[in-house]
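The lines below spell out each chain.
2 protein chains.
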Amino acid sequence: MTLAEGILAGDQRAIARLITIVENRPREAIPALQALYPHTGKALVVGITGPPGSGKSTLVGRLTKRLRQLGKTVGIIAVDPTSPFTGGAILGDRIRMQDLATDPGVYIRSMGTRGSLGGLAKATHNVIKILDAAGKDYIFVETVGVGQSEVDIVKTADTTLVVLVPGLGDDIQTIKAGILEIADIFVVNKADRQDAGRVVAELEMMLDLSSKEVEWRPPVYSTVATSGKGIDAVVEGIEQHIHYLCQNSKLEARRRERYRAEIMNIVKEGIITQLLDFWSVGGKLETLLAEVAAREKDPYAAAWEIMQTFTGNGKGGS
Amino acid sequence: MTLAEGILAGDQRAIARLITIVENRPREAIPALQALYPHTGKALVVGITGPPGSGKSTLVGRLTKRLRQLGKTVGIIAVDPTSPFTGGAILGDRIRMQDLATDPGVYIRSMGTRGSLGGLAKATHNVIKILDAAGKDYIFVETVGVGQSEVDIVKTADTTLVVLVPGLGDDIQTIKAGILEIADIFVVNKADRQDAGRVVAELEMMLDLSSKEVEWRPPVYSTVATSGKGIDAVVEGIEQHIHYLCQNSKLEARRRERYRAEIMNIVKEGIITQLLDFWSVGGKLETLLAEVAAREKDPYAAAWEIMQTFTGNGKGGS
Chain A
107 MTLAEGILAG DQRAIARLIT IVENRPREAI PALQALYPHT GKALVVGITG PPGSGKSTLV
167 GRLTKRLRQL GKTVGIIAVD PTSPFTGGAI LGDRIRMQDL ATDPGVYIRS MGTRGSLGGL
227 AKATHNVIKI LDAAGKDYIF VETVGVGQSE VDIVKTADTT LVVLVPGLGD DIQTIKAGIL
287 EIADIFVVNK ADRQDAGRVV AELEMMLDLS SKEVEWRPPV YSTVATSGKG IDAVVEGIEQ
347 HIHYLCQNSK LEARRRERYR AEIMNIVKEG IITQLLDFWS VGGKLETLLA EVAAREKDPY
407 AAAWEIMQTF TGNGKGGS
Chain B
107 MTLAEGILAG DQRAIARLIT IVENRPREAI PALQALYPHT GKALVVGITG PPGSGKSTLV
167 GRLTKRLRQL GKTVGIIAVD PTSPFTGGAI LGDRIRMQDL ATDPGVYIRS MGTRGSLGGL
227 AKATHNVIKI LDAAGKDYIF VETVGVGQSE VDIVKTADTT LVVLVPGLGD DIQTIKAGIL
287 EIADIFVVNK ADRQDAGRVV AELEMMLDLS SKEVEWRPPV YSTVATSGKG IDAVVEGIEQ
347 HIHYLCQNSK LEARRRERYR AEIMNIVKEG IITQLLDFWS VGGKLETLLA EVAAREKDPY
407 AAAWEIMQTF TGNGKGGS
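Residue numbers (this note's numbering), protein chains in the order written: chain A, 107 to 424; chain B, 107 to 424.
There's no promise every hint is true.
Repeated chains share a single entry, so a pair holds when one copy, or any two copies, can fit it.
[What the hints assert, rightly or not] Taking lysine-lysine and the BS3-like style, the derived pairs with C-alpha atoms no more than 30 angstroms apart in a straight line are:
id	residue 1	residue 2
1	K335	K261
2	K148	K390
3	K228	K261
4	K390	K261
The set of hints was computed from the structure by calculation and includes no laboratory data.
Here chain A stands alone, though its shape is the one from the complex (with noise of 0.2 angstroms):
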């Protein structure tokens, strides 16, 4: 049995083996890829993101509870951008996580960055297709922190849970504002605590104001993820907002925008992968950049050289 029929059987020490190598060697993941891809499509990705400290795990765990109570298989991701070394945090929500490992029906893995702090994104979409292959109905993202990175992952999700909580300061305040172009629906966790309220109120009046997309305003949910509280509703305003996009093939052409973008990037890489194997005989690259250095090109230059000696006349066609 091939590592790839292995995966669409759901073995899960296959599952686990091609993702070491998708992290450690994507090369050699590659055909391995190849031959799933026409198995992925069938399951709903779920983005989950929030300041340190939301309880995102916490809901992610209550979250997969509820879908399998429901008769759904769950894949969890945990990626932590953050961290080049294994992720405290992520390594304590995965022990809360524990009765869930035990689930056949849930596979969970955490991801961070190992020392190179890129191909990560790349590297979450490729598992998200794993675990797919494998047969997860759902299959939850969860990162850590709101930046760049967090944002290029959560553009995989078919919709994307957005965690605040009451009482992070002010601060928050600015966090929330870049988080509103991505959430599909709104999560205030924690909403046992004092503000919670207020920060429900702050969301909607934001919502309000915000006229971006007028077909679909996030809901605002309500949870206390350590009691379970508010979970339910939480789940069907997934199912809703999936439902939403099914019904105006809104889902196809998120998803094809994710094909096109990871398409450029494969062929980015590749362009460059070769560019460099070119530009590297004889030293070539180190004098041009050593002219850059010296001033006496400027990168511009450089790189029109660069394209022009690869694409002949610097323009696309063979």
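Position chain B relative to chain A; hints supplied.
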């Protein structure tokens, strides 16, 4: 007088005009950036990052005042990648830096994402070049947060300051780990707060455990930016780090890596533009995307198809 000539003469309005072009219509800025390029490379670029609320802007204000006392000119770029809206926090900080704004030896500019989350790092690199060509001795690049985009921005710096504060809770520990990689200098601000000593001790312990670069061990400074306490030592620390870089030809090596990355980014973008131009004709790209969406082709096969029409045999060289 051309825009580039105005900038070389240090004209504040010319600087502001070109920055606006860089932000809104980057292609149009290229000729001016090319004209300025031979006059760049003199400024020392200092990156400042750290969690929201750590007092980065106040610190930058104080460092700037000290450098002005020492007869240096300063550019300040405040970058907020998290907020596509006008950043509330940055606006507040600018008011705090108000007395600097009237000093002709200081140029301050805030940069947000303006809807498009990509391209901010590139725009920041170009603004650094503009201020460099305009004759600023020091350029501070201040970013909110500690995600991937901040790291990308900070990579532009010759020296990177990471600012931490006591009392931001345990989650900060996770963030700290990711930051060890990029810090040349640590500043524990708000050092008059309880627990400041503990943060310093924790940092020193982390540095002891990290064996990465033995030649330069990042110093840890304690400051109270609001009162100016500890600022002179940080300025000296920055100068020591620059001195260390120069002594070991490391400044040159760091900058050369930046040129390499910048040139490769221009190449990638240029080639993708050409590819899209070529593939958009007759809806060829949409047809290919539809095939990928229908699982008739996988993304790798589609990418290779695109590369092949462009490079002929799929290999570098013309």
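Exercise for review: Against the structure, test the hints numbered earlier, and report the numbers of the ones violated in rising order.
Suggested key: The structure breaks none of the hints.
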